[in-house]
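Q: Residue numbers (the UniProt record's numbering), protein chains in the order written: chain A, 1 to 694; chain B, 1 to 167.
Hints in this document: simulated from the structure, not taken from any laboratory. Honestly, I wouldn't trust all of these hints.
What the hints assert, rightly or not - Here are some of the chain A residues that sit facing chain B, going by a computed Cβ distance under 10 Å:
#1 L94
#2 G97
#3 D480
#4 M482
#5 L506
Unchecked claim - Okay, derived cross-link-like pairs now, DSS-like style, lysine-lysine, Cα gap no bigger than 27 Å in a straight line:
#6 A:K203 with A:K142
#7 A:K29 with A:K118
#8 A:K579 with B:K129
#9 B:K57 with B:K117
#10 A:K547 with B:K117
#11 B:K129 with A:K547
#12 B:K57 with B:K43
#13 A:K478 with B:K74
#14 A:K661 with A:K645
#15 B:K57 with A:K468
#16 A:K579 with B:K146
#17 A:K547 with B:K102
#18 A:K548 with B:K129
#19 B:K116 with A:K548
#20 B:K50 with B:K117
#21 A:K654 with A:K687
#22 A:K7 with A:K203
#23 A:K547 with B:K148
#24 B:K121 with A:K548
#25 B:K129 with A:K583
#26 B:K102 with B:K88
#27 B:K146 with A:K583
#28 A:K548 with A:K579
#29 A:K52 with A:K127
#30 A:K368 with A:K282
#31 A:K478 with B:K88
#32 B:K117 with A:K548
#33 A:K118 with A:K16
#34 B:K61 with B:K102
#35 B:K27 with B:K50
#36 B:K148 with A:K583
#37 A:K579 with B:K148
Glycine included, C-beta positions come from ideal geometry on N, C-alpha and C.
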Amino acid sequence: MVTYNLKKIQLVPGAKDLIDIVLSKTQRKTPTVIHRHYAIARIRQFYMRKVKFAQQTFHDKLAQILEDFPQVDEIHPFYADLLNVLYDRDHYKLALGQVSKAKSLIDNLSKEYLRLLKYGDSLYRCKMLKRAAVGRMCTIVKRLASAFSYLEQVRQHMARLPSIDPHMRCLIIAGYPNVGKSSFMNLITRANVDVQPYPFTTKSLYVGHMDYKYLRWQVIDTPGILDKPLEERNTIEMQSITALAHLRAAVLFFLDPSEHCGYSWEQQMALLYSLEPLFVDKPVIVVCNKTDLSWSNAQRVEEELNALLDNQQEKKGTVSELETNNNKKQQRLTICGWRKMSTLEKTGVIQVRNAACDWLLSQRVESKVRGPRAQSILNRLHVAIPAGVDQNQQEAGELSLCRPFIPESVWKKRQATTTNTAFHTEEEMEREEEDENKQPKQSNVVVLEKDREMAHGGAGVYSSDWNKQYWMRDESWKYDIMPEIIQGHNIMDFVDADIDERLAALEEEEVAREAMMNVDNDEEEQQEGEQALDQETQQRLQRIREKKALLIRGRSKSRNPIGANKMTKAHPKRSEDWKQQWKELGMDESFLQSTTQQIISNRSQSREAKSHSPAPRSSSRSTSTYRWNQTKADAGKGFLNHQQKQKAMRLARKAIRGISKKDRRKGEADRTIYNENPKHLLAGKRKLGKTQRR
Amino acid sequence: MRLEKCYICSSTVYPGHGIQFIRNDAKVFRFCRSKCRKTFHMKRNPRYLKWTKAYRKSHGKEMAVDSTFEFERKRQRIERYDRELVGKTIQAIQKVDAVRTKREKEYYKNRMKQAKKQSQKTAVRELEKGISLIEPDILRVNQAVKAKDAVQQSVAMLDEDRQANDS
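Modelling step: build the complete structure from the supplied sequences, incorporating the hints.
A: Below is the structure:
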């Protein structure tokens, strides 16, 4: 469906403005620097781009205009006619045609010049070609100046047209000038149409909206119409005629029997008859306004209008009669009905509106049902009727096809409660309760918990006994307290109807499993007994492990003398310790003696051989192992000799004495917290924040 | 009122303990303590944390599949109270518990079998390889020499005896 967004048409620039826009855009959006010495291909490409861009921009602008303005042939006939009446159809089409022609001219022109530019042999020639192309485009556009100014005016006027939806439910108010059309409009919608006591106050169509039967309706107020031939009507009248001719709507034809509008009753009726061709297939309601004034010919008015009504019935009856009638025009006109009304006193206004709406609605529904779309839906519909429904009842049109089923007992109970009155005093209540206890089956009266609560002191004092209502297999279980948790389990998670069987199955399974396990266990125990280590071997293993641990700790000492553990002595230093250890290992005393002697003698020989050996050592060092000699190689690694190194190490050790291991690794650049417990954070009252955080 | 399981460590959360987190898709997560809650919010997977039940079960440290577990399951449908049934259930719970603990113990024992074998193996190897640490080679050489001497002596004595006999 075509949508009419006449309000959203973009502004149409003047011819001069359009040229300015395009030229400046071309300048801005394309490259601007070109030199003679550039490759000719590049120069051609530069100017071709400019021409192409200018053409494209002109094309876009003109296409936009053509797209925005509605095509007279394509839109709804109501709008087409309205455009014709207001702006002259020919002029409108001509203007748009000019624009369209200019567009194609510009396209062809640019094509031609691009072809020429391809053969441009110098910068100057290319430039001249470009100039000529753009200049010619501008000339074409300049010739559109009058079309543009006309279209701009049309655009401005169109934007102010009421937005009428030609397919919507619609009421059209028509009649002679000054009969009260606009005041009726103001009464039934929220539109604020100007109302003045002179003819032709309303000069164009006005639209108002209202709600009726939860539907949206649009009401169109038309300018007054005079009774004259169509050719002589002016623009204002023609608008009304257009609306009447093309919109499928209910027509409210206003008459003023009091003749205060300045036109006689005969004139008004003549108009009604002359407009008849426009009323085909539309419900027409004749509204006699101004009942507040005296009607001189009230009798005649009623007669004539009733005649019109009868006319309709006759028409329904026989068609042939109608043709033979003399006064065809008068006879052909049919109206749905006529109403009296006064917009001044506001009497009968709503009745008029409702009648008009109802007629239009029924007509629309009828036409829809007759249409092909409705047929396709109706073919698929099937209304199912329950088997139990009485055929007669259905024909009578009763809405409730099925009666609700109410059991006998419920009926009785309902009746009983209606006859009984509510309890109010406590004594009555108790008496009732006693009765209930004695013969609970016989008493029909239901004592509500609410009543009981009221009788025993109200909410907060009396609490209802809900357990009473529990529904259980055994009545005596009602007040049981159900344990929920046992040994870290939820009891409800274990509840199962066949718990006994499942438990029995489990126990069976367990017995079978146990038997299996016993056999396996015996075998395993035998195997284990074979593999187990005896006491002595275990002790030896223990000693090996201890030794290994000591070695590992000793190794760390050799790597980092400062961080060494003083307590570890994997390798004894002194010969006594050596001997002790070897003795512990079970070495023969005599063999031990001989071995140590041998080692010492070997060492003394080597010492003699190397006469440059270091100065005398302390007595304790003299007996130490040959490992000592290995460290001699240290001389020369930044030290003059071994003693110097020894001294340095001693001093280093002394310097770090009393400093914890962790602190030894610290450097000057490391972060330090000088005061870990600052007083200002930890002392005093706590007002803001916590101990940790303030 | 019911006992819930911690989402992270699967420990039992008694009423009034722990905290629960309800995500905006209405899934409820219960935590037994702040450690578990923090772990959850750090998006850690309980399967990869060694201290959780989920880890232990998925890595075969604890019994994960057993018929005793089938007795306990959360019901979506509410059962009507039945005194006899509840009584039977309470007794059943204790029996099932006993069976379960027994099986768990056996499971542990079975699991440890392999480790025991392994430790024995290493012990033997350690003894073979590390014997020099407590009984140095020199000592064993000494003993071997002694033995050799003794043998040589006895051989010599035998030879002497033989010569004496011959003569």
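Q: I'd like to know which numbered hints this structure contradicts. Please list them from smallest to largest.
A: 1, 2, 6, 15, 17, 21, 23, 33
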